[in-house]
Amino acid sequence: MSYLNDLYQEVILDHNRKPRNFRELEDANRKADGYNPLCGDKVTVYIRLEDDVVKDVSFKGSGCAISTASASLMTETLKGKTRSEIAALFKAFRSLVTGKSDATVKQAELGKLAVFHGVSEFPVRVKCATLAWHTLQAALENQQETVSTE
Amino acid sequence: MKTSRDVVSVDARPAARSVFNVYKIREDFPILRQKIHGKPLVYLDNAATTQKPEKVIEALHRFYSQYNSNVHRGVHSLSEQATEAYEDARSKVQRFIHACHVHEIVFVRSTTEAINLVAQSYGRKYVKSGDEIIISAMEHHSNIVPWQMLCEEKGAVLRVVPINDQGELLLEEYEKLFNPRTRLVSVAHVSNALGTVLPVRTIIDMAHRRNVPVLIDGAQSVPHLKVDVQQLDCEFYAFSGHKLFGPTGVGILYGKSALLENMPPYQGGGDMISSVTFEKTIYNVLPFKFEAGTPNIAGAIGLGMAIDYLDEVGLGNVAVYEQELLCYATEVLSTIPRLRIIGTAREKVGVLSFVIEGAHPHDVGTVLDQEGIAIRTGHHCAQPVMDRFAVPATARASVALYNTREEVDALARAIHKAIELFC
Ligand SMILES: Cc1ncc(COP(=O)(O)O)c(C=O)c1O
Chain A
1 MSYLNDLYQE
11 VILDHNRKPR
21 NFRELEDANR
31 KADGYNPLCG
41 DKVTVYIRLE
51 DDVVKDVSFK
61 GSGCAISTAS
71 ASLMTETLKG
81 KTRSEIAALF
91 KAFRSLVTGK
101 SDATVKQAEL
111 GKLAVFHGVS
121 EFPVRVKCAT
131 LAWHTLQAAL
141 ENQQETVSTE
Chain B
1 MKTSRDVVSV
11 DARPAARSVF
21 NVYKIREDFP
31 ILRQKIHGKP
41 LVYLDNAATT
51 QKPEKVIEAL
61 HRFYSQYNSN
71 VHRGVHSLSE
81 QATEAYEDAR
91 SKVQRFIHAC
101 HVHEIVFVRS
111 TTEAINLVAQ
121 SYGRKYVKSG
131 DEIIISAMEH
141 HSNIVPWQML
151 CEEKGAVLRV
161 VPINDQGELL
171 LEEYEKLFNP
181 RTRLVSVAHV
191 SNALGTVLPV
201 RTIIDMAHRR
211 NVPVLIDGAQ
221 SVPHLKVDVQ
231 QLDCEFYAFS
241 GHKLFGPTGV
251 GILYGKSALL
261 ENMPPYQGGG
271 DMISSVTFEK
281 TIYNVLPFKF
291 EAGTPNIAGA
301 IGLGMAIDYL
311 DEVGLGNVAV
321 YEQELLCYAT
331 EVLSTIPRLR
341 IIGTAREKVG
351 VLSFVIEGAH
361 PHDVGTVLDQ
371 EGIAIRTGHH
381 CAQPVMDRFA
391 VPATARASVA
401 LYNTREEVDA
411 LARAIHKAIE
421 LFC
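Here the protein sequences come in this chain order: A and B.
Going by the working numbering, the first sequence opens with residue 1, and the numbers climb by one from there.
Going by the working numbering, the second sequence opens with residue 1, and the numbers climb by one from there.
Just chain A, with the same shape it has in the complex (with noise of 0.2 Å):
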């Protein structure tokens, strides 16, 4: 069970239960849709980008507590970042999911991201984790097709 512990931690459970900003948000000026066509996961990301800045981001959709939990943390992390610093922070966290981070460095960058290490000891989950994340990045280059992890 203790993989199973690492991957789903309490936060993430919480967050599954609970996501936060998931709504569509009134004043976005951008959007995407994500799909992993594997799982059926769907997610649809809004932001409100302000001079190169998230002012606001929520989400809506459906999908397993993995992507749920990641799209409500990545929601929560973004408010006030810059493109280039989301940038950085979604390779850091794809590094982290992938199991290709070098822990601790990574880990502090991250934040409250660095609970989703577990998912490096679940291949075929890494794509539930990054779909939001994905999706986000669509959405901050205006890209109107919907973006698949396959």
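Hints may contain errors.
[Claimed, not checked] One side only, chain B facing chain A, incomplete, derived with CB under 8 Å: (1) 366; (2) 379; (3) 422.
Honestly, the hints are just simulated from the structure, not real lab data.
Even glycine gets a Cβ: it sits at the ideal position worked out from N, Cα and C.
Add chain B with the ligand to chain A, keeping to what the hints say.
Chain B with the ligand only, in chain A's frame:
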């Protein structure tokens, strides 16, 4: 371990082993002896692919270590042996599905390829702009997409028979879909996402009354039900070896000889011709016309051996045992709060699809895997079925002849664990 409850005696069809003993059966499948994450493997993903009995594994080994060579090409001893074994496998398939002629059995790669063959060969020849093809709302993508491709190319129309909330085909709606432009009906015998057994006999009769030919996708039926293509009277029947305890990469297309004769080849190459000059090529006779290139020889031989295995066990015994196991599993899962079974048709085999309120199938799958339990989660290549039941995905446990009640109990315990974690 052996209690009378677990030994089901059977009156369905006399077989070599008249008493079905699941624990003896399990010994025939080496893979089942292993542990996953320290727990005994509970393999409940049989609708995706089945495990292979020792006999089949040995047959593959024997082919490659003793008589590997190409078929229909050599005068040397090994080639003769290989050809004989390959053709012998074809005869076994013929007997297994009760086809009238051995040349009605075409070796292909899979169910998917069999359906594509019919779409590209029969379909392209006979389906014209404005014509219609009927499928059901519970088809696997492999019985949807080849027809969509054909319809796109020809300007034809795909019509879909709806299903009810239990996952049963609405025959009255099916009847209404026919019109003079209907050219083909293609439906599953058993739904992989719901386990529903479709009333194929009636479906075929209704089509025949209008002179419309029928293809049956038998991928999920052959491991569970006795199939007699002459009795069904379908024009085509498709299935995969790997879901029938045989190897991957080999499948079967059965077609009535009169139809196959008039169909153009699907692929061009070696073995499918009787003579080639640059001016004119004469196609080979059935079934070789449809078997271009070197086939999956070992796969076909392995499939033949899987059929021998099932003959020994007796498919009638299997059907009775599995039905009892499915009833038990349905009963056990029904008592779990928050769990909803998707697919509750009166006629069902093998499959239990379910969702749990508050726990996503994907997470349930991960928890189950940690308990050594293999199930499938996702849309099962049947997205329209998921849409019909308004769920993004389901968890699916699917049984085969080697599964036990104890495994069902283990499944239930693990589901409880998942509910505790997520809800
Ligand atoms: C009903 C049904 N049809 C077709 C297929 C496709 O089989 P294959 O992937 O072996 O071609 C499957 C496999 O999942 C199936 O369940």
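Outcome of the hint check:
The beta carbon of residue 366 of chain B is positioned within 8 Å of a beta carbon in chain A (closest approach about 7 Å), and the interface hint is therefore held. Interface hint status for residue 379 of chain B: upheld, as the beta-carbon distance to the closest one in chain A is roughly 5 Å, under 8 Å. The interface hint given for residue 422 of chain B is met, as the beta carbon of that residue sits about 6 Å from the closest beta carbon of chain A, less than 8 Å.
The structure meets every hint from the earlier list without exception.
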